[in-house]
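Colleague: Dock chain one against chain two, each of which comes alone in its own frame, and use the hints as you go.
Those protein sequences? They're chains C and E, same order as listed.
Numbered as in our numbering, the first sequence ends at 249 without a single skipped number.
Numbered as in our numbering, the second sequence ends at 245 without a single skipped number.
Treat the hints as calculated values from the structure; they're not laboratory data.
There's no promise every hint is true.
[Stated by the list, open to error] Chain E regions said to be covered by chain C (calculated; three or more residues, Cβ under 8 Å): (1) 103-116; (2) 173-181; (3) 189-196; (4) 228-234.
[To be verified] Restraint ranges, calculated between C-beta atoms of paired labels, are given here: (5) E171(E) <-> T154(C): 22 to 30 Å; (6) S119(C) <-> N85(E): 51 to 59 Å; (7) G60(C) <-> P143(E): 53 to 61 Å; (8) E175(E) <-> V26(C): 27 to 35 Å; (9) A104(C) <-> I236(E): 46 to 54 Å; (10) P143(E) <-> E13(C): 32 to 40 Å.
[Said to hold, decoys possible] Cβ-to-Cβ under 8 Å is the rule here; a few derived chain C residues that face chain E: (11) V26; (12) S57; (13) E133; (14) L168; (15) L187; (16) V217; (17) A221; (18) V228.
In this text, all values refer to a predicted model and were calculated from it rather than measured experimentally.
The beta-carbon is built from N, C-alpha and C at its ideal position, and this holds for glycine as well.
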Amino acid sequence: MTVVEREPLDRYERARTLVRTAEPEVLRTGIAGVLDRVCTAATGEVRLFGASVHLMSGAGHEGVAACSDQRALEWGEVAFTAGEGPCLDAWRNRGPVLVPDLAAQQERWPGYSTTLLGSGVGCVLAFPLSIGEVDLGVLEGYDAPRCSVDTGTTGMMSAFARVATEALLDGPAADGSMVNGSSASQLSAALEHRIEIHQAQGMVMVSLGVTLPDALVRMRAHAFASDVPLLVLAQDVVTRRADPREWTT
Amino acid sequence: MIAIERLADVFVDVADTLVTDFDLIDFLHTVAGHAAEITGTAAVGLMLADSNGRLHYMAASSESARLLELLQLQNSEGPCLECFNSGEPVAQPDLRAAYDRWPVFARRAVASGVLAVHALPMRLRDTVIGALNVFQSESVALPAEDQRVLRALADLATIAIIQERAMARAELLNEQLQSALTSRIVIEQAKGAIAQTYGVSVERAFEMLRGHARSHQLRLSELAHTIVTQPGAAAILRDPGAPRS
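With the rest of the complex left out, here is chain E (with noise of 0.2 Å):
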């Protein structure tokens, strides 16, 4: 159990990563590396899940290839996977006695010195974005303390996490709807400038504004945006199916 002294460090310095524009993998990194601390000797790996549902490897508290590798085993098999399909942890003491259950894992982990195992979801209601691994030499349960607190952690890594998510999506939504509704308006303008200068429907200026744009290979909106900003511009458009005079 890990003094509460340490474990108000603990938090403070994840707060303090989750500044603005704070870098993912490295606040990853320091949840990771806080995790092991708090559990003693065990190592402790991060998995995110892709928008397919595939778990990737995303931090750790070492980068030991044996560690890497029994993170990666996992999109087959193991207590990482099925935390996050059920969205609860999974506890597993003592390895040895998983072989039936996790038949490559299983193995691979005794093998390379890992005896007991635990998996806890990244979860923030109803969404499961990942699962914290937990990796022990020795064949015991996480105390309770231990669970607690490692939940904690996982719930502000999560946090973290979908609001970094949002803000990215918010920000792509801003640019898509911005360039969406520029060239909507600028050719809605350019018809009505058409419009005007012809003494036509905005119906018939659209179709001479495409056919316009159609002959001359021109995009729609960079035609548009051409009459609406150049005085008289709109006079270069011929109307192909009036009579000339």
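So here's chain C without its partners, still in its complex pose (with noise of 0.2 Å):
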């Protein structure tokens, strides 16, 4: 991936200009829609397989909110899967975290760069959505292994960081008003496809008599051992294609 060199504020405004006309696959209104189109611009600006962006609050991750497609929000779940990555780094440090060759950090997320790297992602680069002490997300782009980290792509991709962190902060009608009670349930609304995540979950704590954390920690390792998206794992439970109690992980 190769971007053209600009100055901070020019690329700032490119990424505004870039977000607004942007046409993502799924149409979405409210912000999850204004962040689908930040990945979607920033996919075809800085040259990436994908990005997606991914919500934290003081409880940690809480899954993906905003895509440029169905595969990048299926990448951008592995850390939810794996319970590690990029992101959750890249949250906790309150940095980007720049991988631009995945296959030689297999030690640091075993789990999570053998999912990536099989579907084929090997670069990844991490942005956290932050404003002075609170985090509230991270932007992640997907990219092709030992793909080129440049100061023009780490540049673009902060810019469109700030653009997805005030749409976060403003709104889609970004008029400056104090966020209100829809904000907040419009991300929480964004986050409707994990909706089986959690209903599988209580559905594994009463099958296999565990703890409700247990439950997903059994969850991500039979998700994991089985090679099967957690997403997926979850909607066989719920609708009782999949029977926890012959899970031998």
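Modeller: Structure below.
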């Protein structure tokens, strides 16, 4: 990936313009729609495979709220399944995590890197969506193995991260008014696709007679061992195509 | 015109107050005090707009009653209001020539010894958050150099205020998101636990959860929390629609 060198303010203005005109695969309204456009615009401008926006709260990783396409959503959710990855490190360390060669990081994120490399992604760039002391999420870009990461790329991704942060703070109206309940509820609605993970967690808890946190651990372990996205495993549990009592992991 | 060495001190002093957890009002008083010093004998006041676009007095170089009154008057007319509305500087070097422009403000100002007034917008790109008001007892225009320095001071204050507001919004959003998600997620988890316990669909499980919460006057999220944290708690629900065994 190569990006034209620009001054910081020019990059920011260019990112804003591209986000306004971006056309994501699926059109959603509200903040989720703006964040989808950020992912789509970043993918086009930085010439990535795809991009996603992770939401973070004080409780940790809440899931992928926006993406450039379905593949990017699945790549993003791998960090949740594995419980590790660049987005979590970027969030914890409050700074960008640039991984041009994921294959060289298999000790750092064993489960995560195995899954992503298996799906053809070898380069991950994670930029925190932070303002002051508060971290709201992470913008993550995915590319082919051994991508080149130059200052044009990181500068442009930072600019997109800033646009995403502003979208989170201002909401789609961007009128500068205070955040109301609807921004938070719009964002929690953007995580609607993950509902089955929580439902399955409750089912596994009862089915295996374990605690709720342990139920998620068992789901993650089984998803990883059978090379299935956590979301798909959860759907199988909810529809009773899968019986947790038969899991050996 | 302020000496360059002194000017450097002013900006260092202002920047020094911009630490984490800085006090906004204290910071604005520092800015107003320095703005007054830069312009010589003048008094300086800062007005910020609320979300309804109404201007409020925030800080001034002196707390004199006449200065506060001149600032507060400007919610209906005056240089601050014009400056805030247009986003452009407003200069009136002789207020005695402005009785038509601001019938109330100009007369009150002249009566209390203010003969010239300048207002500079506190603006970042297309966002105007307020205005900085300079009152002088002589009928003079501010030198261009002083205006430039004041502009820089107003810009610095604006960036600090916008950053502080964004951080406050981010903290609020973070809390709201977490509580919205926590209550939603726990309900979904309880639906799963009930569905598994009774061998019903998650839709049916939700009806059971809601029915039990209603008939026992419990909050849905509290009941859900009990179900997912206490082993076997899902058994407390009785399916009112199912035949009793």
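Colleague: Taking the hints in turn, state whether each one holds.
Modeller: Going down the list of hints, with the structure as the test:
1. 103-116: Since three or more residues must qualify, the claim that chain C covers the segment 103-116 of chain E is violated, with 0 doing so at under 8 Å.
2. 173-181: holds (count 9)
3. 189-196: Coverage by chain C holds here, the residue count being 8 at a Cβ distance below 8 Å.
4. 228-234: holds (count 4)
5. E171(E) <-> T154(C): 22 to 30 Å: holds, 27 Å
6. S119(C) <-> N85(E): 51 to 59 Å: For N85(E) against S119(C), whose Cβ atoms are near 55 Å apart, the range 51 to 59 Å holds.
7. G60(C) <-> P143(E): 53 to 61 Å: holds, 56 Å
8. E175(E) <-> V26(C): 27 to 35 Å: Given a distance of about 29 Å, which is inside 27 to 35 Å, the answer is holds.
9. A104(C) <-> I236(E): 46 to 54 Å: holds, 53 Å
10. P143(E) <-> E13(C): 32 to 40 Å: holds, 33 Å
11. V26: Because about 22 Å separates V26(C) from the closest Cβ in chain E, which is outside the 8 Å limit, the hint is violated.
12. S57: Hint on S57(C): holds, closest Cβ of chain E at ~4 Å, below 8 Å.
13. E133: Holds: closest Cβ of chain E sits about 7 Å from E133(C), inside 8 Å.
14. L168: holds, 7 Å
15. L187: holds, 5 Å
16. V217: violated, 14 Å
17. A221: violated, 18 Å
18. V228: The hint is violated - V228(C) has no Cβ within 8 Å of chain E, the shortest such distance being about 18 Å.
The structure shown violates the earlier hints numbered 1, 11, 16, 17, 18.
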